[in-house]
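Student: Sequence:
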Amino acid sequence: MTTAAEVLQYLCPEVEWSITDNDFDTIVWVNVDKAPITKKQFEDGFAKYDVWKAKQDADKAAQRQALLNRLGITEEEARILLGGN
Numbered sequence: 001m002t003t004a005a006e007v008l009q010y011l012c013p014e015v016e017w018s019i020t021d022n023d024f025d026t027i028v029w030v031n032v033d034k035a036p037i038t039k040k041q042f043e044d045g046f047a048k049y050d051v052w053k054a055k056q057d058a059d060k061a062a063q064r065q066a067l068l069n070r071l072g073i074t075e076e077e078a079r080i081l082l083g084g085n
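Everything in the sequence shown is counted per our numbering, starting at 1 for the first residue and increasing by one.
Treat the hints as calculated values from the structure; they're not laboratory data. Don't take every hint at face value.
What the hints assert, rightly or not - Computed beta-carbon distance windows for the label pairs:
#1 THR74 - VAL32: 28 to 34 Å
#2 ALA5 - GLY83: 14 to 20 Å
#3 LEU68 - PHE46: 29 to 35 Å
#4 ASP50 - LEU71: 28 to 34 Å
#5 THR38 - LEU71: 25 to 31 Å
#6 ARG70 - ASN31: 43 to 49 Å
#7 LYS60 - ILE80: 17 to 23 Å
#8 GLU76 - PHE46: 33 to 39 Å
#9 VAL32 - ARG79: 42 to 48 Å
#10 ILE73 - THR2: 31 to 37 Å
#11 ASP57 - LYS34: 30 to 36 Å
Claimed, not checked - Here are the simulated BS3-like cross-link-like pairs (lysine-lysine), alpha carbons at most 27 Å apart as the crow flies:
#12 LYS48 - LYS60
#13 LYS40 - LYS53
#14 LYS60 - LYS40
#15 LYS39 - LYS55
#16 LYS39 - LYS60
#17 LYS34 - LYS55
For every residue, glycine included, the Cβ atom is placed at its ideal position computed from N, Cα and C.
My request is simple: use the sequences and hints to build the entire structure.
Tutor: And the structure:
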């Protein structure tokens, strides 16, 4: 489940903030005069974050598979080589 902190980090990476209980109304914006996003942007950010995160995960998996293919080994073989189970 996506957290408010993940959404805020995604939407406002350059802004300092604190939040309580995933509630927009409890956000304290640090060193800014006004909220950098609206409540609607915050709420919409959950779906946007999920799409962005899924793409990031898919890209990472594709890069990992491309590397394994270049090395000519399986993921299981890579784990063994790296000392995993």
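Student: Please go over all the hints and tell whether each is borne out by the structure.
Tutor: We went through each hint and held it up to the structure:
no. : hint                      : result
1   : THR74 - VAL32: 28 to 34 Å : 49 Å, violated
2   : ALA5 - GLY83: 14 to 20 Å  : 33 Å, violated
3   : LEU68 - PHE46: 29 to 35 Å : 33 Å, holds
4   : ASP50 - LEU71: 28 to 34 Å : 32 Å, holds
5   : THR38 - LEU71: 25 to 31 Å : 47 Å, violated
6   : ARG70 - ASN31: 43 to 49 Å : 45 Å, holds
7   : LYS60 - ILE80: 17 to 23 Å : 21 Å, holds
8   : GLU76 - PHE46: 33 to 39 Å : 35 Å, holds
9   : VAL32 - ARG79: 42 to 48 Å : 45 Å, holds
10  : ILE73 - THR2: 31 to 37 Å  : 34 Å, holds
11  : ASP57 - LYS34: 30 to 36 Å : 34 Å, holds
12  : LYS48 - LYS60             : 18 Å, holds
13  : LYS40 - LYS53             : 20 Å, holds
14  : LYS60 - LYS40             : 30 Å, violated
15  : LYS39 - LYS55             : 25 Å, holds
16  : LYS39 - LYS60             : 31 Å, violated
17  : LYS34 - LYS55             : 31 Å, violated
Hint check: violations occur at hints 1, 2, 5, 14, 16, 17; the rest are consistent with the structure.
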